[in-house]
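Trainee: Numbered per the numbering used here, the sequence shown spans residues 83 to 183.
Read the hints as simulated data drawn from the structure, not as lab findings.
Backbone N, C-alpha and C fix where the C-beta goes; we use that ideal spot for every residue, glycine too.
There's no promise every hint is true.
[Said to hold, decoys possible] For lysine-lysine, the following BS3-like pairs were computed, each having C-alpha atoms within a straight-line distance of at most 27 Å:
{"#": "1", "residue 1": "90", "residue 2": "116"}
{"#": "2", "residue 1": "167", "residue 2": "90"}
{"#": "3", "residue 1": "152", "residue 2": "116"}
{"#": "4", "residue 1": "116", "residue 2": "167"}
{"#": "5", "residue 1": "148", "residue 2": "116"}
{"#": "6", "residue 1": "167", "residue 2": "148"}
{"#": "7", "residue 1": "152", "residue 2": "167"}
{"#": "8", "residue 1": "152", "residue 2": "90"}
{"#": "9", "residue 1": "148", "residue 2": "90"}
[Said to hold, decoys possible] Across the chosen pairs, the derived CB separations fall in these ranges:
{"#": "10", "residue 1": "159", "residue 2": "106", "range": "17 to 25 Å"}
{"#": "11", "residue 1": "120", "residue 2": "163", "range": "17 to 25 Å"}
{"#": "12", "residue 1": "148", "residue 2": "106", "range": "15 to 23 Å"}
{"#": "13", "residue 1": "139", "residue 2": "92", "range": "16 to 24 Å"}
{"#": "14", "residue 1": "112", "residue 2": "163", "range": "14 to 22 Å"}
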Amino acid sequence: MIFYACVKYAEEHPETYQGIEVTTLGNSDDVVAKFNSYDPLQDFHNFVSWSESVGEDNVGFCDSLKHFAKDYHEVSYDAAEEMLKMIYGDHQDCEEVESRF
Numbered sequence: 083m084i085f086y087a088c089v090k091y092a093e094e095h096p097e098t099y100q101g102i103e104v105t106t107l108g109n110s111d112d113v114v115a116k117f118n119s120y121d122p123l124q125d126f127h128n129f130v131s132w133s134e135s136v137g138e139d140n141v142g143f144c145d146s147l148k149h150f151a152k153d154y155h156e157v158s159y160d161a162a163e164e165m166l167k168m169i170y171g172d173h174q175d176c177e178e179v180e181s182r183f
């Protein structure tokens, strides 16, 4: 089974954060896990641990994880960077190339 994870929030407004929701691929009504605490960084940690336990190859990420982490820079730069690294690893070179276009 393949899972799909998205962050629920109003785009560009990190203060509207409503957690990370994991569904089965192709069925957004089938919520298999939800991570929604007072701290988005803790939710990212918990989500990454969960995805490792089910097998990272079985979990897809929707763009909202990246978008939320980038929007979260205005709240906490360090936490936002840690979120991005947890999901995408250290890809600073990719960021620099991406920003040139």
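Trainee: Against each hint, give a clear statement of whether it holds in the structure.
Mentor: Against the structure, the hints come out as follows:
Pair hint residue 90 plus residue 116 holds up; C-alpha atoms about 10 Å apart against a cutoff of 27 Å. Restraint check for residue 167 and residue 90: the C-alpha separation of about 19 Å stays at or below 27 Å, so the hint holds. Distance restraint check for residue 152 and residue 116: the Cα-Cα separation of roughly 21 Å lies within the 27 Å cut-off, and the hinted pair is therefore satisfied. Of the pairs offered as hints, the one joining residue 116 and residue 167 holds, with about 20 Å between alpha carbons and a cut-off of 27 Å not exceeded.
Between residue 148 and residue 116 the alpha-carbon distance is near 17 Å, which keeps this suggested pair within the 27 Å criterion. Under the criterion of a C-alpha separation no larger than 27 Å, the hint pairing residue 167 with residue 148 is consistent with the structure, at around 10 Å. Among the hinted pairs, residue 152 with residue 167 is consistent with the structure: their alpha-carbon atoms are about 11 Å apart, no more than 27 Å. Restraint check for residue 152 and residue 90: the C-alpha separation of about 14 Å stays at or below 27 Å, so the hint holds.
Between residue 148 and residue 90 the alpha-carbon distance is near 12 Å, which keeps this suggested pair within the 27 Å criterion. A hinted range of 17 to 25 Å for the beta carbons of residue 159 and residue 106 is inconsistent with their spacing of about 34 Å. Checked against the given bound of 17 to 25 Å, the beta carbons of residue 120 and residue 163, roughly 20 Å apart, stay inside it. Separated by about 21 Å at the C-beta atoms, residue 148 and residue 106 satisfy the suggested range of 15 to 23 Å.
The hinted window of 16 to 24 Å between residue 139 and residue 92 is violated, with their beta carbons roughly 31 Å apart. Taking 14 to 22 Å as the suggested C-beta distance range, the pair residue 112 and residue 163 does not conform, at roughly 32 Å.
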